[in-house]
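Trainee: Spelled out, the chains give:
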Amino acid sequence: MPNSRRLSNAASRRHLLLPYVLVAPAVAVLLALSIYPLIYSITVSLQVGDAWSIGNFTRLASDNFFLTAMAHTFVFAVAALSCEFLLGLGLALLLNSQIRGRGFFRATLLVPMMLPPVVAAIVWRLLLNPNFGAINGTLKEIGINTEALTWTASPSLAMMSVIAVDVWQWTPFVFLVLLAGLQAIPQEPYEAALIDGSSRWQTFWHVTLPLLKPAILIVLLLRTMDLLRVFDQIFILTEGGPGFATETISLYIYRSAFRFFDFGYAAAMSFVLLALTNVISVVYIRLLRNESRA
Amino acid sequence: MRLTRSLTALLLLVITVGCNKDPQPARKELTIAAISGVEGEALKQAAVDYETQTGVHITVTEFPYANLFEKELIDLNARTGAYDLIMLDDPWFPTFATKQLLTELTPLLQKRGQNGPDTDFIDASIAVCRHPYQSGSLYALPYVGNSQLFFYRKDLFEKHSLKAPATWEDVLTAAKTIQEKESGSGMYGYVMRAAQGNAAVADFMPIFWAFGGEMFDASGKPTVNTPEGIAALEFMVQMGKYSPPGYASFNADEVGAHLLQGTAAMSINWPAWIGKFDDPSKSKVIGKIEFTTLPGARKPGQAEIGNWLIAIPRTSRNAETAMDFLVWATTAEQMRRSALRGNPPTRKSLFRDPELVAKYPAYPAQMRSLETSRPRPRTPQWNEIENAFGIFLSKANSGALTPAEAMNQANAELEKIVQRGQ
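Those sequence lines, one after another, are chains A and B. Take our numbering: the last position of the first sequence gets the number 291, and nothing is skipped along the way. Take our numbering: the last position of the second sequence gets the number 639, and nothing is skipped along the way.
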C-alpha cells in the first residue's frame, strides 16, 4: 500500500504546515509594521550624515536640551503619578462604600477619561488663559488678584498646570482600576478582621492594601508608561514653554525628527526613553510576580 | 506544497496590484501641497479656474501650518513624486534648496521665452526664491507677499498727542504714556508674543536688527550676544512691562485677541490680521488702527519677510505643466483675485492698483515694508536655530534668565548647532 502511505504522508505534512500558514499573516503584519521599522530605526540611530557612528548617542550626554527634557519628564511623571494614585485610591475607597448617589458619581467621574486628550487639552488651554480664561475670570469675580496667575505662561506655574490637567484627565482611570480591584476582594477577610477587633486603619493596612496590590501595580505600570511618553496635552497646552519649562522628552524627540529633520538623533533619544521605560516596567513586573507567588 | 505555492502566488498578486500605477496613458494632472487657510484657499480657487480653462485636473491637498513642512520634506526626501507643486514658507526654502529637492525654474521659463522672473515682482520677494539668497538660481515664485507691519491705535495716539512711532524710543514712550493714562480701562501699552520658537523670534528680530544686532558674522559664527544683541533683548523685556501678563506664552492668536478687544495699543503683526479689524462681529476697534513700517533705532527699521512661495519638486513628473500653472497663478490678473481674498500680492503693480488700495488702505505701508524687509538668516538649519534662540528669548521674557544670560546661553547653543551642520 505504498500509494495510501504517500497520501497519508502528504496529509500529515499538510497538517504540520497548517499552523504556520495560519500564523503567517500575523507574522507578516508584525514584520512589516513593527520589526522592520524597529530595525530601520536602529540603523538610523547609528548613522550621522551617511557614515556609521555612535555620534547620536554620545551627543546626548552634552545636549542640555535633552538632559533638561529628561528631568522634566521625570518630574512630570512622578508628580502626576503620585497625585493620580492618591486621589484615585481615595475615590475608589469612597465609592466602594455604600454612600448615596454612588452610581451617579461613578459614572460622572469617568467623563474626563473619555475625552480625547487633545480635546481636553484645548478646553483647558481656554480655561487657563490668563486674560480671557474662565478660571482667572472666576477668581477675579471673588476678588482675588490674578495678575501673577499666568498659568501656562509662568515658568513656575506652567509645569504645575500641565500636571494638574493630566491628573484631572487620568485620575478616573486609576480610580476605575482600583475600584474593580476593591470589588474583587472577598468579604471573608473583612469579617475575620472584624471578629479580631481590628481598627478601620488596621483593616485597610493589613487587609485591603495587600489584597489590592496586584491592581495597584498594574495601574502604576500603565500610568508610568503613559506619563513617560506624554505628548499631546503638553504640546497643546504650552508647546513645551514658556522657554523650555515644560518640554518633555517626547516633545523634544518630535521636534528633532519633524522640525529639524534629524531622524538619527530622534531615534537615539527614543531608544534611551525605551530603555528607561523598560527598566521601570521590569521593576514593576518583578514586584507583581513576587506578589502572585507570595 | 500546493498551499505554500498558492500563498506565494497570492502574495505576488498583491504586490503587483499594489505597485501597478495607473495603467492608462497619463492624463494631465497636477497635485499641490498647500497650506490650509486663506493662502491655500486662493490657490484652490485658482486651480478650479485653471482646470476649466485648460482641462488639467488639479488636486489641492491642504495641510495645517504645523504639518506642511514635515509632509513636504518627507515626501520630497523619499522621492515619491506625490506633489507637482508645493507651497513653502520662505524660511523653509533654504532647507529644500540645499538638499537639492527643487526644480530650477529658469530653464523652464526660457522654454516659455522668458529670460527670468517678471520684473514686476518685488525684489525682496524674488530674492528669497533664489538659492543662494538673492544671487543664486531661481527655484520658486512668490505667491503671497507677507511682511511684518507695525500696528498702532491712532485714536489713542491723537488723544494723548503722541507722535507716530518712527523709532523704538517713540514706541516705549507711547506705551508708557498710554498705559499710565488709560490704566482704568484695562489697556496695555504694547502686546507681543514671546512664546518659544517662531513667535518670540519673529517679534524680536525687528528690534534686534534695529539695535544693530546680527545673528551671524560674515564667517557664519553666531553673534547674538554682542552688546547690541543684549541691549535689544533688554529693550524687549522692558517693553514686556507694558505687555499683558503671560505674554511670554503668547502666540499670534492672543496678540490678535488683545488688539481686537481694544486692550492693547501697539504690536508687531502680519498683514493677515488687517482685515479682521474691520469685522464688526469680532472687532471693537473698527477704523482705529493704523499700519506702518517697523520702527528703527540705530538702524532704520526692517520687517521680517514671510512670503509664501510655490516651488516644483524635482520629483514632479509634470514639471512643464506645473510651471505653466505656476506662471499662470502668479500673473498679475490671478494674483489680483488672490489679493481680493485677502492675500497680499508680491507684485508692485498690484500694490499700486487703485481698486486694491481703496479696499486695502495699508497697501502703501505694506509695499514699503516688503521692499525694505529682511529674510530670516538663510540656513538649512533655520528651524533648529529658531527653536533654540526662541527658547532663550522666551526664558528672558518670562524672567527665568537675565537678557545677558539668555543671549550668552543662546549663542553657545547656536554655536553647537552651526558646528553640527558643517
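Calculated from the structure, these hints are not laboratory results. Mixed in with the good hints, there may be bad ones.
Said to hold, decoys possible - Think about it this way: if two alpha-carbon atoms lie no more than 30 Å apart in a straight line, the pair counts; the simulated DSSO-like pairs of lysine-lysine are:
| no. | chain 1 | residue 1 | chain 2 | residue 2 |
| --- | --- | --- | --- | --- |
| 1 | B | 261 | B | 499 |
| 2 | B | 458 | A | 137 |
| 3 | B | 633 | B | 565 |
| 4 | B | 501 | B | 288 |
| 5 | B | 288 | A | 137 |
| 6 | B | 576 | A | 137 |
| 7 | B | 245 | B | 261 |
| 8 | A | 137 | B | 499 |
| 9 | B | 398 | B | 371 |
| 10 | B | 576 | B | 380 |
| 11 | A | 137 | B | 633 |
| 12 | B | 501 | B | 438 |
| 13 | B | 316 | B | 245 |
| 14 | B | 398 | B | 245 |
| 15 | B | 371 | B | 516 |
Trainee: State for each hint whether it applies.
Mentor: How the hints compare with the structure:
1. B:261 <-> B:499: Roughly 26 Å separates the two Cα atoms, so the pair holds.
2. B:458 <-> A:137: Answer holds: residue 458 of chain B to residue 137 of chain A is near 21 Å, not above 30 Å.
3. B:633 <-> B:565: Distance ~41 Å between residue 633 of chain B and residue 565 of chain B Cα, so the pair is violated.
4. B:501 <-> B:288: violated, 38 Å
5. B:288 <-> A:137: With a Cα-Cα distance of about 44 Å, the restraint between residue 288 of chain B and residue 137 of chain A is violated, given a limit of 30 Å.
6. B:576 <-> A:137: Measuring from Cα to Cα gives roughly 42 Å; hence the hint is violated.
7. B:245 <-> B:261: It holds: about 17 Å lies between the C-alpha atoms, which stays within 30 Å.
8. A:137 <-> B:499: holds, 24 Å
9. B:398 <-> B:371: holds, 15 Å
10. B:576 <-> B:380: The given pair, whose Cα atoms are some 26 Å apart, holds under the 30 Å limit.
11. A:137 <-> B:633: violated, 46 Å
12. B:501 <-> B:438: violated, 46 Å
13. B:316 <-> B:245: holds, 28 Å
14. B:398 <-> B:245: Roughly 64 Å between the alpha carbons, so the hint for residue 398 of chain B and residue 245 of chain B is violated.
15. B:371 <-> B:516: Roughly 24 Å between the alpha carbons, so the hint for residue 371 of chain B and residue 516 of chain B holds.
Hint compliance for this structure: hints 3, 4, 5, 6, 11, 12 and 14 are broken, all remaining hints hold.
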